[in-house]
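Taken in order, these protein sequences are the chains called A and B.
If you count by my numbering, then the first sequence holds residues 21 to 201, one letter each, in order.
If you count by my numbering, then the second sequence holds residues 3 to 970, one letter each, in order.
Hints in this document: simulated from the structure, not taken from any laboratory.
It cannot be assumed that every hint is accurate.
As the list claims (entries may be wrong) - Far from chain B by the CB rule (all over 12 Å, computed), these chain A residues:
1) Gly88
2) Arg147
3) Ser149
4) Thr150
5) Ala151
6) His156
7) Leu183
8) Ile187
Stated by the list, open to error - In silico EDC-like pairs for lysine to aspartate or glutamate, Cα to Cα no more than 16 Å straight-line:
9) Lys49(B) x Glu37(B)
10) Lys173(B) x Glu171(A)
11) Lys171(B) x Asp114(A)
12) Lys333(B) x Asp170(A)
13) Lys54(A) x Glu97(A)
14) Lys104(B) x Glu488(B)
15) Lys830(B) x Asp752(B)
16) Lys171(B) x Asp170(A)
17) Lys181(B) x Asp199(B)
18) Lys173(B) x Glu201(B)
19) Lys298(B) x Asp170(A)
20) Lys174(A) x Asp244(B)
21) Lys171(B) x Glu97(A)
22) Lys171(B) x Asp175(A)
23) Lys298(B) x Glu190(A)
24) Lys730(B) x Glu556(B)
25) Lys298(B) x Glu146(B)
26) Lys333(B) x Glu182(A)
27) Lys887(B) x Glu874(B)
28) Lys171(B) x Asp244(B)
29) Lys173(B) x Asp170(A)
Here a beta-carbon is modelled for each residue, glycine too, at the ideal position from N, C-alpha and C.
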Amino acid sequence: MSTSIVLTVIGTDKPGFVQTLSSVLAAHGASWSKSRMASLAGKFAGILLADVPDDETDKVIVALQELGPSGLKVTVERSAMDLSASTYRRVSLDVVGRDRPNIMHEIVRALAERGINIVELTTERLRSSTAGTLFHAVVQVGSPANMPLDELRKDLDALANELMVDILLEESKPRSVSALA
Amino acid sequence: MSDQRLSLETLEMRGDFIRRHIGPGQQQIEEMLAELGLSSLDELIDKTVPQSILSKEPLNLPDAKSERVTISLLRRMRERNKIFVSMIGMGYYGTVLPNVIKRNVLENPGWYTAYTPYQAEVSQGRLEVLLNFQQVVIDLTGMELANASLLDEATAAAEAMAMSRRIAKNKSSVFFVDKDCHPQTIDVVRTRARPLDIEVIVGDASTDLTKQQVFGALVQYPGSSGEMRDLEPLAEQLHASDALLTVASDLLALVLIKPPGEMGADIVVGSAQRFGVPMAYGGPHAAFFATRDTFKRQTPGRIIGVSVDSVGKPALRMALQTREQHIRREKATSNICTAQVLLAVIAAFYAIYHGPEGLKLIAGRVHRLTLILAEGLRRLGFEVVTQSFFDTITVRVPGQARRIAARARESRINVRVVDADHLGIALDETTRRMNLEALWRVFATKAAETVSIDGLDPEVEECVPTGLRRSSDFLTHPVFHIYHGETEMLRYLRWLASKDVALDRSMIPLGSCTMKLNATTEMLPVTYRQFSALHPFAPLEQAQGYQQLFEELEDMLCEITGFDAISLQPNAGSQGEYSGLLTIHKYHQTRGEGHRDVCLIPSSAHGTNPASAQMAGLKVVVVACDNNGNVDVEDLNAKAADHANSLAALMVTYPSTHGVFEEAIIEICDIVHRHGGQVYMDGANLNALVGVCRPADIGADVSHINLHKTFCIPHGGGGPGMGPIGVKEHLAPFLPDHPVVDGVNPAAGDGETIGAISAAPWGSAGILPISWSYVATMGGPGLQRATQIAILNANYVSKRLSPHYPIVYTGKNEMVAHECIIDLRGLKDSSGISVDDVAKRLVDYGFHAPTMSFPVPDTMMIEPTESEAKRELDRFCDAMIAIRKEIAAVETGAADARNNVLCNAPHTHHLLLKDKWTLPYSRQQAFFPLPGLREDKYWPPVGRIDNVQGDRQLICTCPPLRDYEEVA
Numbered sequence: 021m022s023t024s025i026v027l028t029v030i031g032t033d034k035p036g037f038v039q040t041l042s043s044v045l046a047a048h049g050a051s052w053s054k055s056r057m058a059s060l061a062g063k064f065a066g067i068l069l070a071d072v073p074d075d076e077t078d079k080v081i082v083a084l085q086e087l088g089p090s091g092l093k094v095t096v097e098r099s100a101m102d103l104s105a106s107t108y109r110r111v112s113l114d115v116v117g118r119d120r121p122n123i124m125h126e127i128v129r130a131l132a133e134r135g136i137n138i139v140e141l142t143t144e145r146l147r148s149s150t151a152g153t154l155f156h157a158v159v160q161v162g163s164p165a166n167m168p169l170d171e172l173r174k175d176l177d178a179l180a181n182e183l184m185v186d187i188l189l190e191e192s193k194p195r196s197v198s199a200l201a
Numbered sequence: 003m004s005d006q007r008l009s010l011e012t013l014e015m016r017g018d019f020i021r022r023h024i025g026p027g028q029q030q031i032e033e034m035l036a037e038l039g040l041s042s043l044d045e046l047i048d049k050t051v052p053q054s055i056l057s058k059e060p061l062n063l064p065d066a067k068s069e070r071v072t073i074s075l076l077r078r079m080r081e082r083n084k085i086f087v088s089m090i091g092m093g094y095y096g097t098v099l100p101n102v103i104k105r106n107v108l109e110n111p112g113w114y115t116a117y118t119p120y121q122a123e124v125s126q127g128r129l130e131v132l133l134n135f136q137q138v139v140i141d142l143t144g145m146e147l148a149n150a151s152l153l154d155e156a157t158a159a160a161e162a163m164a165m166s167r168r169i170a171k172n173k174s175s176v177f178f179v180d181k182d183c184h185p186q187t188i189d190v191v192r193t194r195a196r197p198l199d200i201e202v203i204v205g206d207a208s209t210d211l212t213k214q215q216v217f218g219a220l221v222q223y224p225g226s227s228g229e230m231r232d233l234e235p236l237a238e239q240l241h242a243s244d245a246l247l248t249v250a251s252d253l254l255a256l257v258l259i260k261p262p263g264e265m266g267a268d269i270v271v272g273s274a275q276r277f278g279v280p281m282a283y284g285g286p287h288a289a290f291f292a293t294r295d296t297f298k299r300q301t302p303g304r305i306i307g308v309s310v311d312s313v314g315k316p317a318l319r320m321a322l323q324t325r326e327q328h329i330r331r332e333k334a335t336s337n338i339c340t341a342q343v344l345l346a347v348i349a350a351f352y353a354i355y356h357g358p359e360g361l362k363l364i365a366g367r368v369h370r371l372t373l374i375l376a377e378g379l380r381r382l383g384f385e386v387v388t389q390s391f392f393d394t395i396t397v398r399v400p401g402q403a404r405r406i407a408a409r410a411r412e413s414r415i416n417v418r419v420v421d422a423d424h425l426g427i428a429l430d431e432t433t434r435r436m437n438l439e440a441l442w443r444v445f446a447t448k449a450a451e452t453v454s455i456d457g458l459d460p461e462v463e464e465c466v467p468t469g470l471r472r473s474s475d476f477l478t479h480p481v482f483h484i485y486h487g488e489t490e491m492l493r494y495l496r497w498l499a500s501k502d503v504a505l506d507r508s509m510i511p512l513g514s515c516t517m518k519l520n521a522t523t524e525m526l527p528v529t530y531r532q533f534s535a536l537h538p539f540a541p542l543e544q545a546q547g548y549q550q551l552f553e554e555l556e557d558m559l560c561e562i563t564g565f566d567a568i569s570l571q572p573n574a575g576s577q578g579e580y581s582g583l584l585t586i587h588k589y590h591q592t593r594g595e596g597h598r599d600v601c602l603i604p605s606s607a608h609g610t611n612p613a614s615a616q617m618a619g620l621k622v623v624v625v626a627c628d629n630n631g632n633v634d635v636e637d638l639n640a641k642a643a644d645h646a647n648s649l650a651a652l653m654v655t656y657p658s659t660h661g662v663f664e665e666a667i668i669e670i671c672d673i674v675h676r677h678g679g680q681v682y683m684d685g686a687n688l689n690a691l692v693g694v695c696r697p698a699d700i701g702a703d704v705s706h707i708n709l710h711k712t713f714c715i716p717h718g719g720g721g722p723g724m725g726p727i728g729v730k731e732h733l734a735p736f737l738p739d740h741p742v743v744d745g746v747n748p749a750a751g752d753g754e755t756i757g758a759i760s761a762a763p764w765g766s767a768g769i770l771p772i773s774w775s776y777v778a779t780m781g782g783p784g785l786q787r788a789t790q791i792a793i794l795n796a797n798y799v800s801k802r803l804s805p806h807y808p809i810v811y812t813g814k815n816e817m818v819a820h821e822c823i824i825d826l827r828g829l830k831d832s833s834g835i836s837v838d839d840v841a842k843r844l845v846d847y848g849f850h851a852p853t854m855s856f857p858v859p860d861t862m863m864i865e866p867t868e869s870e871a872k873r874e875l876d877r878f879c880d881a882m883i884a885i886r887k888e889i890a891a892v893e894t895g896a897a898d899a900r901n902n903v904l905c906n907a908p909h910t911h912h913l914l915l916k917d918k919w920t921l922p923y924s925r926q927q928a929f930f931p932l933p934g935l936r937e938d939k940y941w942p943p944v945g946r947i948d949n950v951q952g953d954r955q956l957i958c959t960c961p962p963l964r965d966y967e968e969v970a
């Protein structure tokens, strides 16, 4: 049997960063299952889900944390259950608005108030030739499954009016952020 | 006498206009060539343009004519247009443009040469008028919100259909159109519906609508026939099934009749033409679009909103429309942005000039004359079918319609032949008593014995039921009450114009927009009555001047682009793209390849490209660009092969949006053709090609030609534009036609075309004399020289600025095409100064900023055009270089990181008026950073505008005047 572990990593961006991580996992027979990593302002950070054989779990956790002195901070958690598809519906929201202080906070708070759970979040700033700096977020959310999509759409429409942003709602697969840029 | 004897031909100065149009004189040209290390203009072109695409032959166009000869040719042409009294109606009406507005707006370069008001701080004048326009539309339609103009009534109705589909909870795919809508509106709606998989059902809304599940319905009020009905039951019925009601209406009628907004309409569209804008054989006119406040974010086009500037003073700007194509690209819901601003401005001024009382008199007169006409016809024994009307009646004349219409023409009156048994007669502001009397005589030779206007006047009874009469006030805002005297109006117009930066003040170096000279001679014919007073559906024999103009202009454009046929119908660049793609799709369909639906678009493309593709029902597949901004040929090859069975088209801009002549363009076109696709070439950058190479020769199958860029139609502060398309022979049969006027597409034969894409058969015909004049006065060699100088000017600017700002892309020999992109990305890191800061600081130097962050974020794209003299280029470069030094001061810490000349720009006179000067730099540095500014200084009326503030609470109506006064 195997255990799922979730790692967060952060360190100064340099070549070989990911490889350091993968070699530790490989050495313990762990398989790299899912990850999101990015370089931001000279730091490299990521979140990673790996499956580890049960008897290697403790060892790999120790080995990962020993990477600390090499400039790689790793925290490890045993995974909780994934949000079950039966109670949550995966929906992708594509949000664009004029960039301003607190815009992220306003969006996140509004989603939380509606019982919408954020699963994944990618944001960027865009320069538009006609509208100055824009804020763009792709938010993967789990909305309560019993909430009809139409109702959610209407709710988000009201939210969009309130925040003067545009929200496109899709039930389909997540879209890459860069398609806009 | 000089020693050298010049030839008579030289003394006749036939090609004199060429040096008037082109800014730099011979000496300046030589200086610039020397600066670039070149010996001649030919060498410049050899070093810039790929050898493989250079035209071998010069343009085969008539020799350049002097301005005087050109004008006399146009006068001869105009005499071939016969101006009859127009009683055709159908959305186009005679109107009286007050002369003070005609001379000081329509004929004033301060208004017509301005650009779209993206740089709001230098556009407050026309933004204020556009806000007034919105107020006029809101008041008259009774709706909560209006945008600042769309292209024409028919496309506005099509936009309303698309918007209803997005909003309506009813998920039916059927859109119902009442049969009493104008036929051109019905046709354009059908064209637009097809690729969106919307089924359009045309029928009688009062009887047929109950049988259908629909997501929305469109009715005309008053109808095309003149009849009006209570909209309330219809609105209730539609709302009960979660569907939306769109009403096409008429601003002058709404002065007297109950507004659709008071009867439950969700969207109201229409044309603002009869508010002072000449019919001009179909356009340009501004359409309006009004809706409910809750739909504001779904509204197509742009909404002008009130915000505040850096000191809290009210300031206007375009509200963010995040659904627009610049942002959402293929997810955009419409490819339209601002449209027809100049005409919306005129319509607003018309309302301001007349005020509500004046409009009531005009509408009242038109209505009274219509009542009298109808009663007279009844007394002469004719049946007036229309029961409740404003200005249009339908008369039943069994079997006689064509004969009576012909008799009317003998009296120089045009009426509408509805069918063999019915005539339509529409009156307007220009209708006189004698026109009515003449018309009666057409129906009955001895009419004068039976009916008289003065006799009928006291007797006619109001035909509009009480419930459909207007009771609500409108235009109550002071702006509609204080400018009725001509002196006041004149000064208001000048005061507003002086707030804006237009080409009459300084160069507008907007990349990809080609802000070149709009010469006075080119503009003169626009207001010739024989061009401006013609109804678009007037019989062709009365429009022979226009027909000649079209034919000659089409020939000119074919020669210049290499195409075989031109459609003049698309009345904007975006419309050109859209109809070009529909044409391509139709072509595939007729070959049994209708499944071809993939449109390849390079990542560097303008946002309108993917938005148009989406509207045409095509799937967008993005092709990568390499580090130099060129199409990645390898990626194109792979994507074309992947989609070989479904490839419909490639949309490519040439020279590229990065301002470079791509070497691989011929190969790129070949790849697409090999995989069964067609090449759509975006003509935005045609100004770099004219007389040097031709799109069709390179491999394009279709291209739109922005007449408002390359061919001198002024930008009008955000429209009009014209986007005719050129096509190769195999596509010609599918070009747009028209439901009312025959012969619009002569190549169509009996085959099926794409239908109508604009309301008018030849788009905005009224501004085509501008482009015709340009080609006539320049001739082939003049046009070629213009292109050479456009490229020379761009390379000169690039050379002067390159020591101060990196140039992002260059082609072979480090040369740029007709524009260059300067890089500001590094400056953000080194100084915190943004593109925005530089743009606003340019205002202090008296310039409109170049195009910002397109096609590359944090850059500026500069297109000087051939019309700017070296003196002006130097003035602009001096400003940019001075600004770079100001940035350097921030970089070194000599200036504060935030409280500096750039972040505080633009500096207004309000700052000067403060008791104490507290900024950490001198007033001279703030206001007069270069010596020349002391002689001529542009004072921005507002400081930097806070966009976010305005977005939070969208106000798109006129604020009370005291709002302006209090803070000032």
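Right, here's what the structure says about each hint:
no., hint, result
1, Gly88, "holds (30 Å)"
2, Arg147, "violated (4 Å)"
3, Ser149, "violated (4 Å)"
4, Thr150, "violated (5 Å)"
5, Ala151, "violated (5 Å)"
6, His156, "violated (9 Å)"
7, Leu183, "violated (9 Å)"
8, Ile187, "violated (9 Å)"
9, Lys49(B) x Glu37(B), "holds (15 Å)"
10, Lys173(B) x Glu171(A), "holds (14 Å)"
11, Lys171(B) x Asp114(A), "violated (21 Å)"
12, Lys333(B) x Asp170(A), "violated (20 Å)"
13, Lys54(A) x Glu97(A), "holds (15 Å)"
14, Lys104(B) x Glu488(B), "holds (12 Å)"
15, Lys830(B) x Asp752(B), "violated (60 Å)"
16, Lys171(B) x Asp170(A), "holds (8 Å)"
17, Lys181(B) x Asp199(B), "violated (21 Å)"
18, Lys173(B) x Glu201(B), "holds (12 Å)"
19, Lys298(B) x Asp170(A), "violated (19 Å)"
20, Lys174(A) x Asp244(B), "holds (14 Å)"
21, Lys171(B) x Glu97(A), "violated (45 Å)"
22, Lys171(B) x Asp175(A), "holds (14 Å)"
23, Lys298(B) x Glu190(A), "violated (21 Å)"
24, Lys730(B) x Glu556(B), "holds (13 Å)"
25, Lys298(B) x Glu146(B), "holds (9 Å)"
26, Lys333(B) x Glu182(A), "violated (22 Å)"
27, Lys887(B) x Glu874(B), "violated (20 Å)"
28, Lys171(B) x Asp244(B), "holds (5 Å)"
29, Lys173(B) x Asp170(A), "holds (11 Å)"
In the structure shown, a violation is registered for the earlier hints numbered 2, 3, 4, 5, 6, 7, 8, 11, 12, 15, 17, 19, 21, 23, 26, 27, in ascending order.
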